[in-house]
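2 protein chains.
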Amino acid sequence: MSEKVRLASVGLGRWARVLARGAQRGDVIDLVSCYSRDEQKRQAFQDEFGIGRAAASYEELLADPEVEGVLITTPNDTHRDLVVQALEAGKAAYTDKPIAHTLEHGVAIVEAAERSGVPFAVGHSARRLAGSREMKRWIDDGRIGDVSMAEANFSNERGLELTPEHWRSYPDKTPGGVMIQLGVHHADNLQFLLGPARSATAHARKLYTAAHVPDVVMSLVEFESGALGYIGAGWASPGIYTINLQGTKANLRYDLDFTHWDEGHLADDYSELRSQAHGQSEREVVELQRTDMFREQLEEFALAIRGEATVEVGPREALRALAVVHAAIASSERGGQAVELAEVIEAAGAGAAV
Amino acid sequence: MSEKVRLASVGLGRWARVLARGAQRGDVIDLVSCYSRDEQKRQAFQDEFGIGRAAASYEELLADPEVEGVLITTPNDTHRDLVVQALEAGKAAYTDKPIAHTLEHGVAIVEAAERSGVPFAVGHSARRLAGSREMKRWIDDGRIGDVSMAEANFSNERGLELTPEHWRSYPDKTPGGVMIQLGVHHADNLQFLLGPARSATAHARKLYTAAHVPDVVMSLVEFESGALGYIGAGWASPGIYTINLQGTKANLRYDLDFTHWDEGHLADDYSELRSQAHGQSEREVVELQRTDMFREQLEEFALAIRGEATVEVGPREALRALAVVHAAIASSERGGQAVELAEVIEAAGAGAAV
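First to last, the protein sequences are chains A and B. Here the first sequence is numbered in this note's numbering, starting from 1 and rising by one per residue. Here the second sequence is numbered in this note's numbering, starting from 1 and rising by one per residue.
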């Protein structure tokens, strides 16, 4: 690669800084501009990351010929407009999970991405953790045998801290509450590991949060492979991030302390993968290579702009993760009846393309 | 207590020996007789446990004035007839989980037990493990805060070993397969911990066993308290026995190596309970007192015969555990729709009494 890929940050909150630090740990990306509606935030972001200029409007940013792609970290309900606008301006776009808050928005992004032909990536970084990658190797090379069950849980205390000012407190911006914010990670992880999900069966509850969205969601997931999955997502307890796989030859148990999640290059140091072989009760520690999930996904996106990499989580993969969330919401509304992903995707207006 | 309580063992297989060893670890119970259709098994059982006599028929056993109660360890589909016959003969009766294979049989046992007025107990021993008791204390004294989620898994490899000769291979004797054999333990544990369940939502699959029953069942459980539960039961992977509770003040994670399950007095030595406090990611080991689940439940049953103890898991508690299993089976048959326990119990012909 002759020169660094020139990207711009959009929405300059906590997560934009996490990603900027990830990008600056490598030498593939040059953050050349940034944009937020708040001028003070723009200045602070420029200062923190040594960024030469800021745009006064999103249109100005997209008109900047130096900018090859944008890193969007705004609230979920703004993803569609910002992404579509970028793609239509010929700029590559990256946004964080979920692809959008609704499947309608998600489908619009899929269509815009496929029309535009420029790279679009969604930051489902969790599948890049060393433990996720190692579990996938055990599946692919047959060490785990046939997987019959997968259980995952992502929970923390944030539902107890939500205030009325926050967009995460309302179902129009955060449908499914904890399920779209935390559960969606495992909706992607489990499909990365086990292949496409067919349906979700779920119960959602608003128990202990003051917000107007569920703080406890339990979902069963049927996979096209025949395996069954479970995703627990809670916002009313100390933090948990686990994935357990049960196979005919071995079990794998993954446990991550996600309080270090923001430092993508250190996250693996706070994780543990253990294996339990057929006929054994002992669990052995599996050595994990270290990864840097944020840097890796951003560099992949950047290199895809130059045609030197392929985006792993594009619009279709991200839409399938979101579809698990919305099938779970629909299931809970129907008293726990299984809801097929195909149904909610079609209801969102997706044509044959999705 | 002036003298030992005189009990007789019925069905002299592996589990009868586990229970006899449990009874003989204490000095409350005297095993005075035994019965199996197989005369050789009777003789071997007498020899192994130093039992003075054996009955040539079940009727003969129940007519023995020395025998105060029977310990029934025959296949699930024989529980009803043997229990009801014992109770009608005025003998106290103990049987192992599940109370019966069908709710119709379970309801018949409940009615017979309440008509008879003599003690009837079901061996849901798992709730007596030190970890279960300690989790209950954390709930009762408020240390865990409000519990929003409970996840439990009981799995082993036995589905892969089932042969056509075995009664566990057929749905008429083992409806729900792994769910009635393993999942029923957690159906009792979670109701012991969180109170009555209201409904089950489940998917059952026959994936890797040669038997004609499911080897993978995942169930969501709604509790009357509002909390949500999950029970995973698998017969196609290395062994797992876990209970995780998520509360607003703490999480508890219990993990048992059940390969030592048969030695009830040692099981706690192969278990671990860890707590995770609000705002913390570290998990601290919780000290567990030792218990002897089989001895304890048998002595409680024996002392209940003398009016010196109360049976903890009687017919109603055991029926509610079985009702979770059958609600889960019905739910899976209906494509994962939530099924209320009340519906399946009523459908089994239970009157207002249950």
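Source of the hints: derived by calculation from the structure; they are not laboratory data. Some clues are possibly wrong.
For identical chains, the list gives no copy identity; a pair is met inside one copy or between any two copies.
[Stated by the list, open to error] With a cut-off of at most 30 Å between alpha-carbon atoms, the simulated BS3-like pairs for lysine-lysine come out as follows:
no. : residue 1 : residue 2
1   : Lys-173   : Lys-136
2   : Lys-4     : Lys-97
3   : Lys-206   : Lys-41
4   : Lys-249   : Lys-41
5   : Lys-4     : Lys-249
6   : Lys-249   : Lys-206
7   : Lys-206   : Lys-136
8   : Lys-173   : Lys-249
9   : Lys-173   : Lys-41
10  : Lys-173   : Lys-97
Right, here's what the structure says about each hint:
no., hint, in the structure
1, Lys-173 with Lys-136, "neither (33 Å within a copy, 38 Å between copies)"
2, Lys-4 with Lys-97, "within (25 Å within a copy, 66 Å between copies)"
3, Lys-206 with Lys-41, "neither (34 Å within a copy, 56 Å between copies)"
4, Lys-249 with Lys-41, "neither (53 Å within a copy, 36 Å between copies)"
5, Lys-4 with Lys-249, "neither (46 Å within a copy, 48 Å between copies)"
6, Lys-249 with Lys-206, "between (39 Å within a copy, 17 Å between copies)"
7, Lys-206 with Lys-136, "between (34 Å within a copy, 24 Å between copies)"
8, Lys-173 with Lys-249, "between (43 Å within a copy, 28 Å between copies)"
9, Lys-173 with Lys-41, "within (23 Å within a copy, 68 Å between copies)"
10, Lys-173 with Lys-97, "within (14 Å within a copy, 47 Å between copies)"
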